[in-house]
Each structure stands twice: as structure tokens, then as C-alpha cells.
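**Q** Protein sequence lines, in the order shown, are assigned to chains A and B.
First residue of the first sequence? That's 1 in UniProt numbering, and the numbers climb one at a time after it.
First residue of the second sequence? That's 1 in UniProt numbering, and the numbers climb one at a time after it.
Some clues are possibly wrong.
Here are the simulated distance ranges between beta carbons [unchecked claim]:
hint: 1; chain 1: A; residue 1: G180; chain 2: B; residue 2: V176; range: 56 to 64 Å
hint: 2; chain 1: A; residue 1: R327; chain 2: B; residue 2: P185; range: 32 to 40 Å
hint: 3; chain 1: B; residue 1: E46; chain 2: A; residue 2: K92; range: 57 to 65 Å
No farther apart than 27 Å at their CA atoms in a straight line, the calculated lysine-lysine pairs in the BS3-like style are these [unchecked claim]:
hint: 4; chain 1: A; residue 1: K331; chain 2: A; residue 2: K25
hint: 5; chain 1: B; residue 1: K167; chain 2: B; residue 2: K224
hint: 6; chain 1: A; residue 1: K267; chain 2: B; residue 2: K167
hint: 7; chain 1: A; residue 1: K103; chain 2: A; residue 2: K171
hint: 8; chain 1: B; residue 1: K106; chain 2: B; residue 2: K194
hint: 9; chain 1: B; residue 1: K167; chain 2: A; residue 2: K331
hint: 10; chain 1: A; residue 1: K202; chain 2: A; residue 2: K101
hint: 11; chain 1: B; residue 1: K58; chain 2: A; residue 2: K267
hint: 12; chain 1: A; residue 1: K202; chain 2: B; residue 2: K167
hint: 13; chain 1: B; residue 1: K167; chain 2: B; residue 2: K194
hint: 14; chain 1: A; residue 1: K202; chain 2: A; residue 2: K331
hint: 15; chain 1: B; residue 1: K106; chain 2: A; residue 2: K210
hint: 16; chain 1: B; residue 1: K224; chain 2: B; residue 2: K310
hint: 17; chain 1: B; residue 1: K224; chain 2: B; residue 2: K300
hint: 18; chain 1: A; residue 1: K267; chain 2: B; residue 2: K300
hint: 19; chain 1: A; residue 1: K25; chain 2: A; residue 2: K101
hint: 20; chain 1: A; residue 1: K267; chain 2: A; residue 2: K25
hint: 21; chain 1: B; residue 1: K310; chain 2: B; residue 2: K300
hint: 22; chain 1: A; residue 1: K210; chain 2: B; residue 2: K167
hint: 23; chain 1: A; residue 1: K25; chain 2: A; residue 2: K171
hint: 24; chain 1: A; residue 1: K114; chain 2: A; residue 2: K25
hint: 25; chain 1: A; residue 1: K267; chain 2: A; residue 2: K92
hint: 26; chain 1: A; residue 1: K202; chain 2: B; residue 2: K106
hint: 27; chain 1: B; residue 1: K58; chain 2: B; residue 2: K167
hint: 28; chain 1: A; residue 1: K210; chain 2: B; residue 2: K310
hint: 29; chain 1: A; residue 1: K267; chain 2: A; residue 2: K210
hint: 30; chain 1: A; residue 1: K92; chain 2: A; residue 2: K114
These are computed hints drawn from the structure, not numbers from a lab.
Since this is a predicted model, take the numbers as computed values, not measurements.
Ideal Cβ placement from N, Cα and C applies to all residues, glycine included.
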Amino acid sequence: MRFRTEVVNTATFTKLIASLSSLSKLCWMRLESNVIRFTVIPEQGTQVWAQLPVESIFEETDYTLESNTGVINLEVPLPSLHRALRSAAAAKWVQLRLTQKAKVPLLALTIRAKSRVKGEAALGTTTGTNQTEGGGPGEDASALGEEGGGLLNANANRERETFITQEIPVKVLHESAIEGLHEPRCRDPDVHIILPDLFQLKSISERFTKLATDSSPKAAAAAATASMTSMTGQGPGTAVSGVSPKLELAANMHGSLRLSIATDALKISSVWTDLVNPSLDPSQLSQTQIEQLPSERMRALGGDDEAGWARVRIDGRDWARVLSVGRMNPKVVACFIHETALVLYVYLPGSWNEEESCLTYYINSYLS
Amino acid sequence: MAETERIFIAVSSNAHQLFTLLNCIGFAQNATVQITPDGIRFSVEEGRVVQGLAFLDKALFTTYTFNLPPTTANAEGDLSMEDAESDGLDYPCFVVSLSALLETLKIFGVNDSPSASASRAGSVQPSTVSASSAFNAPALLLSRSCTFQYASHGSPLGITLAETGVKTTCELTTYVPDEGEVEIPFQRDGIIMKIIMRSAWLHNAITELGSTSPSILRISASAKEEPYFTLSGSGGPFSQSSVEFSIEDTPSNGTQVDSHRKVLTNDGTSRSRATRAKLAPTVTETFLVSPPFSMGPRIKQDYRFSFIHKASRAMAAANKVSIRGDRQGVLSLQFMMEFDRNGSIVTSNSTRSGKDSPASTVSFVDFRFVPLLDEDELGGGDAMLDEMD
Numbered sequence: 001m002r003f004r005t006e007v008v009n010t011a012t013f014t015k016l017i018a019s020l021s022s023l024s025k026l027c028w029m030r031l032e033s034n035v036i037r038f039t040v041i042p043e044q045g046t047q048v049w050a051q052l053p054v055e056s057i058f059e060e061t062d063y064t065l066e067s068n069t070g071v072i073n074l075e076v077p078l079p080s081l082h083r084a085l086r087s088a089a090a091a092k093w094v095q096l097r098l099t100q101k102a103k104v105p106l107l108a109l110t111i112r113a114k115s116r117v118k119g120e121a122a123l124g125t126t127t128g129t130n131q132t133e134g135g136g137p138g139e140d141a142s143a144l145g146e147e148g149g150g151l152l153n154a155n156a157n158r159e160r161e162t163f164i165t166q167e168i169p170v171k172v173l174h175e176s177a178i179e180g181l182h183e184p185r186c187r188d189p190d191v192h193i194i195l196p197d198l199f200q201l202k203s204i205s206e207r208f209t210k211l212a213t214d215s216s217p218k219a220a221a222a223a224a225t226a227s228m229t230s231m232t233g234q235g236p237g238t239a240v241s242g243v244s245p246k247l248e249l250a251a252n253m254h255g256s257l258r259l260s261i262a263t264d265a266l267k268i269s270s271v272w273t274d275l276v277n278p279s280l281d282p283s284q285l286s287q288t289q290i291e292q293l294p295s296e297r298m299r300a301l302g303g304d305d306e307a308g309w310a311r312v313r314i315d316g317r318d319w320a321r322v323l324s325v326g327r328m329n330p331k332v333v334a335c336f337i338h339e340t341a342l343v344l345y346v347y348l349p350g351s352w353n354e355e356e357s358c359l360t361y362y363i364n365s366y367l368s
Numbered sequence: 001m002a003e004t005e006r007i008f009i010a011v012s013s014n015a016h017q018l019f020t021l022l023n024c025i026g027f028a029q030n031a032t033v034q035i036t037p038d039g040i041r042f043s044v045e046e047g048r049v050v051q052g053l054a055f056l057d058k059a060l061f062t063t064y065t066f067n068l069p070p071t072t073a074n075a076e077g078d079l080s081m082e083d084a085e086s087d088g089l090d091y092p093c094f095v096v097s098l099s100a101l102l103e104t105l106k107i108f109g110v111n112d113s114p115s116a117s118a119s120r121a122g123s124v125q126p127s128t129v130s131a132s133s134a135f136n137a138p139a140l141l142l143s144r145s146c147t148f149q150y151a152s153h154g155s156p157l158g159i160t161l162a163e164t165g166v167k168t169t170c171e172l173t174t175y176v177p178d179e180g181e182v183e184i185p186f187q188r189d190g191i192i193m194k195i196i197m198r199s200a201w202l203h204n205a206i207t208e209l210g211s212t213s214p215s216i217l218r219i220s221a222s223a224k225e226e227p228y229f230t231l232s233g234s235g236g237p238f239s240q241s242s243v244e245f246s247i248e249d250t251p252s253n254g255t256q257v258d259s260h261r262k263v264l265t266n267d268g269t270s271r272s273r274a275t276r277a278k279l280a281p282t283v284t285e286t287f288l289v290s291p292p293f294s295m296g297p298r299i300k301q302d303y304r305f306s307f308i309h310k311a312s313r314a315m316a317a318a319n320k321v322s323i324r325g326d327r328q329g330v331l332s333l334q335f336m337m338e339f340d341r342n343g344s345i346v347t348s349n350s351t352r353s354g355k356d357s358p359a360s361t362v363s364f365v366d367f368r369f370v371p372l373l374d375e376d377e378l379g380g381g382d383a384m385l386d387e388m389d
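Using the sequences and the hints, build the whole thing.
**A** Listed below in C-alpha cells is the structure:
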């Protein structure tokens with residue numbers, strides 16, 4: 001089993017890992033011959049199923065993958081990988097490879113950094129400086145061993161090349177361990193809409209969460225119950241109280257998105273208008289199939305008809321973590337399945353084919 | 001409900017101003033709101049020993065419509081009558097969550113601006129206020145509007161924030177105010193101390209004293225002998241500390257007043273004042289101390305430091321402060337806030353701008369504090385109230 005590649009898009013890789021690590025500590029990383037899959041399934045909260053073509057983060061021509069099954073499945077501790085990648089931000093060259101040390105499988109991230117040295121500072125034994133570059137603050141040694149790979153050569157330009165290798169202990173997952181894991185399946189969405197600027201959405205969502213946390217959480221649950229009694233026979237007794245506040249997110253097929261929350265002391269909602277409801281690819285579905293989609297029925301309802309809104313109730317804090325993917329500056333299509341789930345398709349920007357590099361977030365709607 | 005029936009609707013193009021004013025009294029969870037034809041009055045109190053009051057003058061709004069419903073005319077007649085009977089006041093009065101209101105106003109990201117530091121600089125040099133906010137306010141706020149509305153008695157207080165692409169509506173539940181709420185009585189005809197100075201000096205002094213976390217703040221003032229005006233903190237885990245506002249010409253006394261303060265006040269007015277009225281600290285613009293005969297030549301009054309500290313946001317944001325004390329020891333801090341209109345001018349407010357002073361809008365935030373009396377060290381506030389009554 002061999003895996004070695006050069007990381008060419010360190011920034012994207014780092015941001016991706018940072019976004020995933022806000023949701024969970026562990027990630028299932030599946031290396032295939034032409035795609036890399038990242039899957040995050042936390043015990044509670046949002047699942048992410050991401051798929052990126054190899055060339056979006058790795059050098060295609062320098063991608064070695066050898067395995068009996070053609071794929072390698074790894075369980076990667078995200079915070080460690082994130083810390084290692086952060087130190088690679090300014091590196092000229094970054095290599096990622098699978099290795100092992102004392103029978104512990106490791107992902108070794110080697111970076112080549114150049115640092116300018118002034119005059120006489122070209123000391124022979126400056127390996128000590130590596131540690132300041134390689135080791136982030138607060139790193140625990142068990143998660144992140146450091147190999148002082150000190151290859152130094154002070155060249156004519158008084159530039160010093162430093163190789164730093166950081167090792168992240170991983171687990172190699174056997175096929176049997178992952179065969180039970182499947183991407184969630186959802187029915188066709190009622191509403192699909194392109195989300196507005198994620199930073200703005202995140203900051204407003206966080207304010208709402210704070211407002212609701214300051215007031216009583218029970219009130220929020222009770223208020224939301226009132227709006228959903230038509231659908232569920234369950235009383236407010238099933239409400240989860242005392243936990244993170246639940247935001248109500250709703251959208252219609254006429255370009256509007258609404259974020260709202262209600263407590264004893266206030267009701268607050270933000271409405272975005274003139275957003276885009278993306279059209280579906282006509283090549284995949286026939287005209288009659290498209291017409292039968294729930295989203296087309298929703299579109300047929302007027303823009304001011306409350307029945308045309310699909311609603312979900314989501315955990316405020318979890319939602320804020322999901323929205324941290326905004327740092328990748330993506331295009332996000334939100335698919336609302338009324339009172340059931342919210343699915344976000346996060347398309348990363350870049351030169352590669354957008355269709356292929358997509359992060360899918362599955363967010364369950366809470367009952368009140 | 002038709003627009004004409006609304007009791008109150010006001011539109012501001014600058015939510016930041018409103019936020020700055022209300023944030024000054026943001027130490028309490030809830031605020032009592034009273035809508036009057038001249039503006040909206042927000043008051044907060046804690047333990048009946050501290051009171052803060054912010055008045056949003058109608059000049060702060062681009063439009064301000066207040067229709068006092070005749071008590072019998074419309075459908076909500078019984079409600080409004082009830083309100084009028086119980087209150088004895090015609091103007092609508094209710095309690096809302098101030099923390100929620102502040103958080104709502106912050107949705108525009110007004111909090112992102114370094115408001116505290118900018119205002120501090122502004123309080124020493126007022127001309128820098130507009131300059132320091134140039135990056136956030138004028139350019140970005142143009143397309144933003146903030147609407148307050150109150151439809152009828154008992155309805156929620158609505159705040160609508162609109163900017164390009166997104167509109168946020170907040171309905172704050174209005175509660176019936178507590179009948180027992182009374183203002184801290186301040187005897188306007190019994191004022192024995194009146195000191196006006198730049199608010200930044202007071203803020204500096206309180207911040208300085210606060211670093212040793214004292215429990216008691218003593219204000220000491222005398223018109224006849226040195227030190228003329230001293231704030232001292234005591235009762236904390238550390239030793240006692242004091243800030244003395246001294247006269248510039250006798251620098252040996254002012255051990256704790258930083259030298260740079262003197263340099264900053266070295267403009268024409270304060271110098272002439274210092275030479276004309278020698279027995280007043282350099283930083284004060286007005287220094288009137290006339291203790292009653294029973295008190296001797298010096299006014300000494302203790303306040304709980306943590307309460308005075310609640311006004312520190314106002315101290316930081318205000319331009320000037322008027323420090324007044326009455327015979328009973330009640331302390332009034334009146335803060336003057338100046339806003340440059342340039343930041344908020346939009347076309348729709350041209351109707352009002354003729355009336356206003358073109359340069360700036362002045363608003364006031366008031367605080368009142370009940371003193372600590374000798375006998376009740378740091379005891380309950382009830383004892384103090386009894387003494388007051």
C-alpha cells in the first residue's frame with residue numbers, strides 16, 4: 001500500500017480541512033485513482049460528503065496510489081492535519097505521503113520552506129529553527145511528531161532551504177469498516193436556492209443564536225411549535241429544551257430566503273430577496289419529470305404565498321460551523337426538504353470542473 | 001393595520017448613532033421606553049440606586065411621526081384608556097429587552113468599527129469624529145435604513161433594518177412597566193456641586209481606578225483648598241488609589257495626573273480659564289462647589305464603584321460630562337454626545353436639515369446614582385433607600 005503526492009493547492013486543502021475540522025475531529029479520507037473523498041460523520045450534527053478531483057489539490061502527474069483494492073481508506077485526525085497544513089502556507093513545495101513508523105501508519109507532510117538568512121547567520125547547526133516553523137503553538141506531541149529533517153544548504157543568495165516533516169498518525173480502515181457507511185438519500189427538494197454571501201449569513205445567524213441564548217430557549221421552541229402543528233402530531237413535550245437554540249431557515253422558489261427565531265422577548269427575522277433559484281439540468285430529466293418535481297409545484301405558488309416556503313429548523317451553533325465553509329468562497333446551493341432536511345451543495349471555485357468538486361452537507365431538521 | 005393608525009414610526013439612516021446612545025445605558029437587561037412627540041426616552045435602572053437615561057431626539061431620525069391616538073376614537077380604545085388611566089400619562093410607555101434591541105442594531109456590523117477608541121479620540125478632539133468613522137459609516141450606511149415603529153398600545157416594538165438585498169425585522173415584545181418604578185430624586189434646587197469637563201478625563205480616571213478593582217468611589221471636591229477635585233477608590237483587594245485633577249500651574253500637586261493630559265488641554269480656552277479662576281482644576285470648564293455649612297468646606301461623597309463603572313461606556317463615547325451632586329448626595333452624570341451629521345445625510349432628510357444645526361446633533365445620556373451613606377458600608381441598597389426617603 002503506497003500513497004505519495006505533491007500538494008499543489010495548499011490553500012484550498014488547508015481551508016477544506018479547516019472547514020471540516022470545525023464539524024468533527026475525525027474524517028474518513030478515501031483516496032481513489034482520480035478523486036479524493038472526505039467524509040465527516042459526527043455523532044451529532046451535520047454530515048459532510050466531499051468529493052474532489054485529484055488535480056484540484058494534488059499534482060496529477062505526481063500522484064502515486066498503490067493498493068490491492070485500488071483505494072486507500074484512512075481515518076485522519078482533522079485538527080492535527082489542519083495544524084500541519086497551516087505551517088505549509090508559505091512553503092514552496094509540499095509533499096504528502098503515507099508511511100509508517102513502529103507499525104503506526106502515518107501521513108507525513110513534508111514542506112520545503114525557504115528563508116532568507118542575513119550575512120553571517122548561516123550557521124551549520126540551525127536545525128533548531130525548524131521547530132519554530134514546524135511546530136504550531138499548543139501542539140501535543142503525541143498527535144504530531146516532528147522529524148527534524150534538517151537539510152540545509154545556504155546557497156549563494158543566502159537563502160536557506162528547510163525541509164520540515166510533520167507526521168500525523170492515522171488509521172487505515174479496512175473495507176469492512178466502511179461498507180456500512182452510505183451517503184444519505186433524500187427525496188427531491190421542495191426548494192433549491194443559491195445562498196447569499198456566507199459571511200453575512202453567518203454573522204446574522206450568530207447574532208440570532210446569541211439573541212436566543214440570552215433569552216429562554218424554551219420560548220423559542222414553543223413559538224416554533226405553533227407554526228408547525230399542522231404537520232406533526234407531536235406535542236411540545238418532545239422538544240429538546242436547554243440546548244443550543246434552533247433557527248428556522250426557510251426559502252421559496254421566488255428568490256427569497258428567510259432566517260428567523262422567536263423567543264419570549266422578541267421575534268426576529270431576516271429576509272434576503274432576489275436570490276437565484278438555479279434551474280435543473282434539462283439533459284438529465286425529461287420535461288414531464290421536471291414538471292412533477294416538488295420544487296416546480298412550489299414555484300407555481302405565488303411569491304407571497306406562505307405555502308410556497310419550505311422550512312427547516314436547524315441548530316444555531318451547528319449551522320455557524322457549517323457556514324465556516326464560507327472561507328473557501330464557494331457557490332452554495334441550498335436544497336430545502338420541507339421540515340425534513342437541508343442539503344447544501346458547496347461548489348468550490350477554481351479552474352477545475354466545478355461539477356466534480358463538491359462538498360455535500362446534510363443537515364437534519366429538528367422537530368419542535 | 002393601515003399606516004395612518006400607527007402610533008409611531010420613525011426612520012433613521014444611521015443605526016450606528018442610535019446604537020452608540022443606547023449602548024451607553026446597556027448595563028441592564030431591560031429598558032423602559034416612552035415615546036413622546038420630541039423623541040424616544042429609554043431608561044434603565046438597577047436596584048433603584050443606579051439609573052440611566054438615553055433620549056433619542058427626533059432630530060436623530062430622518063422622519064418621525066407620532067400620532068397620539070385619541071383615547072376613545074379607535075378600535076383599541078379600551079386598551080389605550082386603560083393605559084392612560086393607569087399611567088396618568090398620555091404617551092405610550094412600555095418595557096422591552098434592551099440587550100435584544102442592542103443586539104439587533106448590531107446586525108449591521110456597527111460593532112465592527114472600533115467605536116470606543118474612535119469616540120475616545122473624538123472626545124478630546126471633536127473634529128476627528130467624522131474622520132475616524134469615515135471608513136465604515138458614510139459610504140456603507142447610505143443604503144441602510146433603520147425603522148422603529150409601534151403600531152398600537154400593547155403591540156410589539158418593531159425595528160426594521162434594511163440594506164441592499166436583506167431586510168431584518170425584529171419585533172420586541174413590550175411589557176407593561178412596573179408601577180413601582182420611580183426616578184431617583186435629584187434636587188435641582190439643591191445642587192452643591194457642578195463640574196463640567198471633557199468626558200475622556202473622567203473615563204481615564206475611572207479606568208485608572210478600576211484597575212485596582214475598588215468597591216467604593218469617593219468624590220471629593222473643594223473650592224477653597226487643595227486638592228480641589230479628587231476621585232479615589234478604596235475597599236478593594238489592593239490599596240487605595242486616587243486620581244487628582246490639579247491646577248496646571250502647580251504641577252507638584254498633580255502626582256497622578258499624567259503630564260500628557262496637561263499638554264492636551266493646553267489650548268487657549270483652558271489656559272485662560274486656569275489663569276482667570278485659579279481655584280479650579282485645569283481640565284474643568286465649569287467648577288462650582290458650594291457645600292452647605294454643615295458639610296464644611298469640602299464635599300465628600302461615597303458611591304459604589306461598580307455602579308459608577310456602569311457609566312463607563314458613556315464616559316468613553318461622550319464629548320463632555322456634567323458632574324452634579326445635590327444636598328442629599330445624589331450624583332448626576334450628564335453626558336453630551338455629539339454626532340456629525342455628515343455621516344448620515346441622505347436625500348430624504350433634507351426636510352429636517354433646515355431646522356437642525358448643520359454641523360452636528362447633540363444628544364444627552366443621563367445617569368443618577370444614590371450615594372453610600374456612612375452607616376451602611378457596603379450593605380443592602382434597601383437601607384440606602386430608606387435613608388433617601
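**Q** Now look at each hint and say whether the structure bears it out.
**A** Do the hints match the structure? See the list:
1. A/G180 <-> B/V176: 56 to 64 Å: Cβ of A/G180 to Cβ of B/V176: about 58 Å, so the range 56 to 64 Å holds.
2. A/R327 <-> B/P185: 32 to 40 Å: 56 Å, violated
3. B/E46 <-> A/K92: 57 to 65 Å: With Cβ atoms ~60 Å apart, the hint holds.
4. A/K331 <-> A/K25: Status holds; Cα separation ~25 Å.
5. B/K167 <-> B/K224: Since the Cα atoms of B/K167 and B/K224 sit roughly 59 Å apart, the hinted pair is violated (cutoff 27 Å).
6. A/K267 <-> B/K167: Distance ~14 Å between A/K267 and B/K167 Cα, so the pair holds.
7. A/K103 <-> A/K171: Holds, at about 11 Å.
8. B/K106 <-> B/K194: 35 Å, violated
9. B/K167 <-> A/K331: 22 Å, holds
10. A/K202 <-> A/K101: 42 Å, violated
11. B/K58 <-> A/K267: 26 Å, holds
12. A/K202 <-> B/K167: Since the Cα atoms of A/K202 and B/K167 sit roughly 15 Å apart, the hinted pair holds (cutoff 27 Å).
13. B/K167 <-> B/K194: At roughly 46 Å apart (the allowed maximum being 27 Å), B/K194 and B/K167 break the hint.
14. A/K202 <-> A/K331: 15 Å, holds
15. B/K106 <-> A/K210: 12 Å, holds
16. B/K224 <-> B/K310: 31 Å, violated
17. B/K224 <-> B/K300: Holds, at about 14 Å.
18. A/K267 <-> B/K300: 48 Å, violated
19. A/K25 <-> A/K101: 23 Å, holds
20. A/K267 <-> A/K25: 35 Å, violated
21. B/K310 <-> B/K300: Status holds; Cα separation ~21 Å.
22. A/K210 <-> B/K167: Answer holds: A/K210 to B/K167 is near 19 Å, not above 27 Å.
23. A/K25 <-> A/K171: 14 Å, holds
24. A/K114 <-> A/K25: Roughly 31 Å separates the two Cα atoms, so the pair is violated.
25. A/K267 <-> A/K92: 52 Å, violated
26. A/K202 <-> B/K106: 14 Å, holds
27. B/K58 <-> B/K167: 23 Å, holds
28. A/K210 <-> B/K310: 22 Å, holds
29. A/K267 <-> A/K210: Holds. A/K267 to A/K210 sits at ~13 Å (cutoff 27 Å).
30. A/K92 <-> A/K114: 7 Å, holds
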